[in-house]
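S.K.: So you can see what is in the structure, the chains are spelled out below.
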Amino acid sequence: MTTVNSGLARARRGVAPGGSGRPSPGRPSLNRASKLHGQTSRTYFWLILPSVLLLLLINGYPLIYAGVQATHDGSLIDAGNFVGVDNFTSVLGSEAFWKAVQFTIVFTIVGVFGSWSVGLGLALLLRTRIPAGGLFKVLLLLPWVVPIVVSSTAWNWLVASPDSPTNKVFTALGLETPLFLADPTLAAITVCLFKVWVSFPFMMMMSAGALTSVDNTVYEAASMDGASRWQQFTGITLPLTARSTYISWILMTIFCVNDFPTIYLLTGGGPVDATTSLVVYAYRKVFQDFQTGPGVAVAFLMTITLVIVSALLYRQIRKSSVE
Amino acid sequence: MNAMTERNRPFSRRGFLGLTAAAASVPLLAACGGGSASKTGGGDAIKFWDMPWGTPAYNDAAKKITEGYAPSGSSLKASYQTIQWNNFYQTFSSAIASKTGPAVSTGGGFQAFQFEQQGAIAYADKVIDALRKNGQFDDFLPGVIDPFKSDKGYIAVPWQLDMRVNWYRKSLFDKAGVAVPTDWNGLLEAGKALKKIGSVGFMTGAGAGNFLGNHAVIQMMVNNGGGVWDENGQVDVMNERNVEAIEFMYELYSNGIIDPAGVSYNQDNHDAQWKNKSKAAYGPHVFGLTNRVGDTSGDLLVADPIAGPHGDKATLVFPNNIMMYKNTPNQEASEAFLVYYLGKLKDLWQQKLMNALPVFKSITEIPEFTADANNVKIVKDWQPIAKTFASRSTKLTANTAVLDGGQALTQFAQTVLTGKGDAKTALKAFESGLKQVVKS
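Read top to bottom, the protein sequences are chains G and B. Residue numbers for the first sequence follow numbering that gives the first Met the number 0, so the first one is 0 and each next one is one higher. Residue numbers for the second sequence follow numbering that gives the first Met the number 0, so the first one is 0 and each next one is one higher.
Same shape as in the complex, but just chain G (with noise of 0.2 angstroms):
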């Protein structure tokens, strides 16, 4: 009988093999389970161990590769002479690496909350009961399904040139032309809004979906307190929605600090450096300045950064769970 059952089955039962899952007479009961709970880790081990060596492989080899890197003077071909921590000493006395770090810092600061904020009001608006609020969520989240290679286009041709359609429109005004991409100031305005623009179908997603589960017996009982709509928003939206707003927080601040073609497409980190994210900032240390250690140094930067910031808002979900 037991012949025909397969191991794994044996094994998610905790019988061991040749063993027939019930307790043999004359022997203790609990030093068999213990026995047979030893036997069933091990399975459980050899049976992780596969995928454990393959994770391992896949996403320890480019890091320890990319360790050795950074602490090397070498190039993508040759790994070059060992030079310690000389790439993020250089790195991190560089003037250009601190305006990039002030770049991503705004860059990230008003693509998580500028997203956040438009992404929430739009989800609010579409809870209401509008004519065609399918097409219009439909719509709204095109800037995240198109192609960031197609909308950097289109951006382009709306902003680049005095004769782009928006300078037109300022200069119909009668209003000076800006130099939406050549001024540094209007090009790091203009790159934040590129990144609002793109990323708030995302957070409007995540609002839509943490809002649902906010029960609308709460607002009644809140309104017949006599709670204005600000009151309704702080008291109720924001602590009840809090836990997704976290996680929503966290995942786009990766997604900011990683966004290499949003900047690249539209500006190239110029002009005079003044849209260079650190992302970018590393990029053109290897490719363009054939640095590969001082560029991957500022990747390994970034990484230990981006963990730092996620581990704190981690922490806030937590703590709003726990609330």
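Hints were generated in silico from the structure; no laboratory data involved. What you are looking at is a predicted structure, and each value in this text was computed from that prediction instead of being measured. Each hint should be verified, as a subset may be incorrect.
To be verified - Output of the computed footprint for chain B on chain G, the stretches with three or more beta carbons under 8 angstroms from beta carbons of chain B:
no., region
1, 136 to 147
2, 156 to 169
3, 285 to 292
Cβ atoms here follow ideal geometry from the backbone N, Cα and C, with glycine treated the same way.
Model the placement of chain B on the given structure of chain G, informed by the hints.
M.R.: Chain B alone, transformed into the frame defined by chain G:
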């Protein structure tokens, strides 16, 4: 009974574990096997990797030439592969590192010098010897081959020239009532007159992925007898000629002669300004601008070379080249294929597939090339005064790759094209940035 059930059992635990281990080992074995198998470097054919040069039909024609190669004796045939420009350096680097790269390739203008520095390039001296024997060596345009000669040998062989020449739109000069400039003072005066009719007297672009603005700034320095390197190939940015050239650029900007939006123009934006018949009136651009923007009106013309305040005339040229790699199944076969391919280059210009100047005089004389008066003017007036990025030195090095497209030059060019600060401050920052990344 038991034996039967053992055989019929779909999955035994040991069998499952064994199968999983086997599955896990497949990519490992594949990875190991790939490396060793690739040590032959291309199997039984010379791998030729080529970039998308010229028109879309170019790669088909180049493939046909490659596959038409019929080697004599036991030499190897050649296979053709197109490599896209996106991340091309990464593509080549990874392939070379894993010994799966090409035996022969085109590529970035300075790629051969970078890979030579890393010990991956096979010198082309025997190819040059063969070209001497078949007469093609004497057919090279003047000064084309010299930048590739190093102490160890010829690093690569040039096959086409990416020229920077000044273009103008005749109708706009007629409308503004000024002559096409032949010197810097004329450029300033013409620019002022063109501004009055809403046109740009020095059009360039330095936005995402557009390096023409970077080249334009260096071109003006070279035009004035300056350049980034001294005669020994060391960084020398702060020389008087460079300062004078950049001060002139600032003067052009302050007079509204440089388009203030140009700093953000990508290649499409930049070309659109030239396509717009009322915008770009004068400025540096590439060989074959008329084809690039689709203007067959005859209104877009190559200008005369412009003289700096000391009478110097010079422009920039990027000699694109074909290189050979040490990772080849047979070096003699690589050399034989390269000699064959260079002999077939004329086909590409005869079919009008190239937007670049050929390196051979004989190709510049074919009717398909001379039919365009702009081409003839570039060969006659611009090519003889063209200097590489190495100017004032004669030798190209891996450092020129760091200069071209590097952050230091991009930041410098964008600073100048936005008119921020002053010439000496911009040049000092450029020199400082460059010294941090070049290898002495």
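S.K.: Taking the hints in turn, state whether each one holds.
M.R.: Hints and how they fare:
no., hint, result
1, 136 to 147, "violated (count 0)"
2, 156 to 169, "holds (count 4)"
3, 285 to 292, "holds (count 5)"
In terms of the numbered hints stated before, the structure departs from hint 1 and from no other.
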